[in-house]
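Produce the entire structure from the sequences given, and follow the hints as far as they go.
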Amino acid sequence: DSGVTQTPKHLITATGQRVTLRCSPRSGDLSVYWYQQSLDQGLQFLIQYYNGEERAKGNILERFSAQQFPDLHSELNLSSLELGDSALYFCASSVVEGTGELFFGEGSRLTVL
Amino acid sequence: AQSVTQLGSHVSVSEGALVLLRCNYSSSVPPYLFWYVQYPNQGLQLLLKYTSAATLVKGINGFEAEFKKSETSFHLTKPSAHMSDAAEYFCAVNNYGQNFVFGPGTRLSVLP
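Protein sequence lines correspond, in order, to chains A and B.
Take the first sequence: its letter number 71 is residue 71 in the working numbering, and every next letter is one higher.
Take the second sequence: its letter number 33 is residue 33 in the working numbering, and every next letter is one higher.
Hints were generated in silico from the structure; no laboratory data involved.
Among the hints, a few may not be true.
Unchecked claim - Derived list of chain A stretches under chain B, where covered just means 3 residues or more per stretch with a C-beta under 8 Å from a C-beta of chain B:
#1 39-45
#2 48-62
#3 105-113
Glycine included, each C-beta is placed from N, C-alpha and C at the ideal position.
Here is the structure:
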């Protein structure tokens, strides 16, 4: 158990809909990262927050947004969903930015029909 | 910009044989390097990390990796494969505060 909690574990929805994925980092970790894992694109970095502030953006679509709340949990919002958004979405946390190891949650599997 | 390549998207070995998974990185300065493992339907778990101390790094489950600056490599090895080692393995690089970059992954199959 990494200590990172992600909900929901599975989510099935239709095209055009909006979903929210939630992540609770390990106790004491200030940095939260979101990754998308799909068969054709591998593990893609989406966005990183540190203590509530956005620190880095990767290949995140404009239809996607995220935030980190004062209690350090984070949410990833995916809107106007397309079939191609079906993937496993991982949250990871670390104590420090950048050089600390990442602790991954078990992921949220999103299926868009 | 940092990048990571992993030679071989799929590697098969027999149980008891040597495991060698290759990772090469590009970075302007020696980075921090990591190997993660992902078992089916699970998140990624840290196997080992190199942070500029000893060049031979020992990790969990009998795995180790050697940092070779001249070859910009950080290959992962295990002397004797076990069936439970079957998983996806990811090499990752982090360059002093820049973000993590993961390789494409190598799926390891262990044959009885």
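Status of the hints after comparison with the structure:
no. : hint    : verdict
1   : 39-45   : holds (count 3)
2   : 48-62   : holds (count 3)
3   : 105-113 : holds (count 3)
Violated hints are absent here; each numbered hint is respected by the structure.
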